[in-house]
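First to last, the protein sequences are chains A and B.
The first sequence maps to residues 1 to 300 in the working numbering.
The second sequence maps to residues 1 to 108 in the working numbering.
Note that these hints are calculated values from the structure, not bench results.
Just to be clear, a hint being listed does not mean it is correct.
To be verified - When the alpha-carbon atoms are kept at most 30 Å apart in a straight line, the in silico DSS-like pairs for lysine-lysine are as follows:
id, chain 1, residue 1, chain 2, residue 2
1, B, Lys69, A, Lys197
2, A, Lys33, B, Lys36
3, A, Lys33, B, Lys69
4, A, Lys277, A, Lys252
5, B, Lys64, A, Lys3
For clarity, every value in this text was computed on a predicted model and none was experimentally measured.
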Amino acid sequence: MKKLTIPEEEHMLSGHTACLGCGATIAMRYVLKALGKNTILSIPACCWAVIPGVYPHRTLDVPLLYTAFEVTGAAISGIREALDAMGKEDVNVVGFAGDGGTADIGLQALSAAMERGHNVFYIMYDNEAYMNTGIQRSGSTPMGAWTTTTPGGKKRMYKWEPKKSVAEIMVAHHIPYVATATIAYPEDMIAKLKRAKEIKGPKFFQILSPCPTGWRHAPDKTVEISRLAVQTNVFPLYEVIDGKYKISIKPKNPKPVKEYLRLQGRFRHLTEEEIEKIQRHVDENWKALLKKERCSQEEE
Amino acid sequence: MSVNLPEDPTPIAKVPSTENKTGGWRTFRPVIHYEKCIRCYICWKFCPDAAIHFAPPEAHESPKEALSKFDTVEINYDFCKGCGICANECPVNAIELVLEENFRGDEE
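Pulled out of the complex, with its shape left as it was, chain B reads as follows:
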């Protein structure tokens, strides 16, 4: 007698949660003012949603020539829930929280 086992005998969660676009939860949108950003990566360090990632140095302007060789950061608005920790922790106040309503209708 043969036993037919299902292909996947134990349920294993395989779908990455990045399918889940949590950006829709946002009330306030953090906006980085790159002309102030000193590329210290503190926002990246404290983001609870891991929604801040690095971008090549030339992607955005930098306030000083000496900083322009360092990578810059970008916020992934697909996942950012808008908690505002980045804006609160930014040492140079380069991140502004803007009410999400102001972006209504903008195609990202």
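So that you can see chain A by itself, here it is in the shape it has in the complex:
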């Protein structure tokens, strides 16, 4: 006998080649637990293109189609339409791409797929840089972070542009379901995926998955950092159903952003003023989100 808060079924095998404490593998494990075996995945170049291992090895219990970096959106559209033509409408089609393949390179294919309204899932696991190729800056890298292409040194060329909000871009496509999730809250993530499964149309998820290698933190802190991202309001969890915002977790007393930053080597160089700047940015984003939620409630 056991009391579990998430489904017991397992579709990700052990023996994959992800780094120790990889957040993206935890994300994949939960996604497959929620969606079940009746799923077809499409993965572009990203960490997950490497994790299943070299041919002839497989880590996932579901069919998986590898695509080029920029075409995940097109690939899942094609799979969906082919399945529909064959009358297999109950199969979940999932695009599982990293933040580089979503926010930068794959954005046009994703945008087109969402606009055409195919009945697909698109899951962006957000590790906030091109981790697979060696920690290069992406559009989703947060403010103040070190990456190999935004190095430090005397000129302090760290990334200072704010993180691109892909979830908001997706809301602007007027699709039926957009949500953010993170690995420290599996019950929340799985409930959202199950809710989305009942909806016909494009569904977008942004899942924050800490990366010990690229974020320069100890591998055992992956889940802790992911939890802190929510508790400090750096990465708020919310869902947008038919344009209506609903915040999933509202921290009663948000922790200072410093607690989130200090665990990660990529933010080690930050001065007090710079941390203050990031804090202001986070507070502004959080206030804007609260406002959006209030507006959605007023409309009802």
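Fit chain B to the supplied structure of chain A, relying on the hints for placement.
Below, chain B alone, put in the same frame as chain A:
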């Protein structure tokens, strides 16, 4: 004219990755102290390698009589890479990270 198609026209990855014993990557070995384990399954929930599995309740001792009807957990050291998330997340600190060197020579 007949065309001889290969038996397997498209390459399909068929060998499960469980052939890959990633346990060799480990520096620290998580060891469960069953006398503290409250069988909450948080370690199972967060394991990135899916290397923690369930075992029948009587397989290990339990700190309380009331807990002994619940299944217990075991770590599969063939696959555990030793990231330590389980030890960090354990609410009762029942998992200890021990340097793998201390187990050298032990036959598992």
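Going through the hints against the structure:
| no. | hint | in the structure |
| --- | --- | --- |
| 1 | Lys69(B) to Lys197(A) | violated, 35 Å |
| 2 | Lys33(A) to Lys36(B) | holds, 29 Å |
| 3 | Lys33(A) to Lys69(B) | holds, 25 Å |
| 4 | Lys277(A) to Lys252(A) | holds, 22 Å |
| 5 | Lys64(B) to Lys3(A) | holds, 16 Å |
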